[in-house]
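Trainee: Residues are numbered in my numbering as their position in the sequence shown, beginning at 1, plus a constant of 52.
By construction, these hints were calculated from the structure, which means they are not laboratory data. Given the structure is predicted, the values throughout are model-derived calculations rather than measurements. Wrong hints could be hidden among the right ones.
[What the hints assert, rightly or not] In the SDA-like style, the derived pairs of lysine to any residue whose C-alpha atoms are separated by at most 25 Å in a straight line are:
1) Lys188 with Arg178
2) Lys188 with Ala172
3) Lys167 with Leu181
4) Lys167 with Trp146
5) Lys241 with Ala253
6) Lys241 with Val251
7) Lys167 with Leu157
8) Lys250 with Leu264
9) Lys188 with Arg176
10) Lys167 with Gly183
11) Lys250 with Arg199
12) Lys250 with Ala229
13) Lys168 with Leu158
14) Lys168 with Leu154
15) Lys167 with Ser150
16) Lys250 with Leu235
17) Lys250 with Glu291
18) Lys188 with Thr174
19) Lys241 with Asp221
20) Lys160 with Ile149
21) Lys160 with Leu181
22) Lys188 with Leu202
23) Lys160 with Gly183
24) Lys250 with Ala265
25) Lys241 with Asp256
26) Lys188 with Gln201
27) Lys168 with Leu181
28) Lys206 with Ala216
29) Lys188 with Arg199
30) Lys206 with Gly183
31) Lys241 with Val254
32) Lys168 with Trp146
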Amino acid sequence: MRIRNAAAGGLLAACCLIGWGTPAHAGTEPTETTTAEGVEGTEGEAGQLGDAEGGTEIEHAAEECIHILEDGGTVDDCHEAPSPILPPTNELIWGSISFTILFLLLAKFAYPGIKKGMEARTERIRDDLEGAESAKVDANRVLDEYRAQLADAKAESGRIIEEARQQADAVRREQEARLQTELAGMRSKAAADVESAKVQAVADLRREVAELAIGAAEVVIQRNLEHDTQVQLVDRYIESLNNRSN
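All chains should be built: construct the whole structure from the sequences, respecting the hints.
Mentor: This is the structure:
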């Protein structure tokens with residue numbers, strides 16, 4: 053739409069320039085025709101110059117001289133060199149008018165489209181910047197969430213490791229307590245076995261000592277003693293030995 057408006061404005065300006073330039077050129081032709089008779093001498097001098105430079109240059113010089121005479125100049129002014137910088141007055145006027153019209157047309161048709169295009173471009177750039185900023189904010193948010201999850205995972209792993217260590221310590225203490233209990237039971241059983249063996253050994257020793265003592269007593273006194281009497285004698289003897297040892 054903006055390109056179409058600009059093209060329409062340029063085409064309209066070109067049509068206006070062409071339309072206004074044609075009447076101006078047509079308006080100058082009658083003047084040139086009517087004044088041609090008054091400047092025959094000048095055309096004669098221009099014709100002499102034309103023999104040296106060519107017919108086309110002669111016609112151009114003659115036209116310029118006619119314009120100078122129409123503007124109130126003299127024949128001597130026809131021989132002055134034109135300005136290499138400033139254009140003729142009529143061209144300057146028509147150029148200024150054309151430039152003004154073209155500028156107004158561009159300002160009316162092309163400038164709004166260009167302005168809208170610049171505003172749309174600015175808005176698009178602003179939207180892109182806002183989108184980039186939003187994407188940056190989202191990326192920072194995702195990064196913060198990832199860091200938080202990583203911190204939670206580290207804390208959870210630390211908690212699991214601590215629980216495992218505590219459980220291992222509890223199992224170790226339980227095993228140590230059970231082992232100590234088993235060792236205490238084994239010690240108690242061993243002590244009981246030792247005591248039982250000791251009692252059995254003492255009983256066996258008493259029996260053997262009693263038998264030896266009875267045998268010796270029978271040999272000495274040459275008579276048999278009653279069994280109960282023998283046992284009493286042996287017990288008394290052993291008790292007397294124990295009393296002595298104590």
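Trainee: Looking at the structure, which of the earlier hints fail to hold?
Mentor: Going through the list in order, the structure violates hints 4, 11, 12, 19, 21, 23, 30 and 32 and respects the others.
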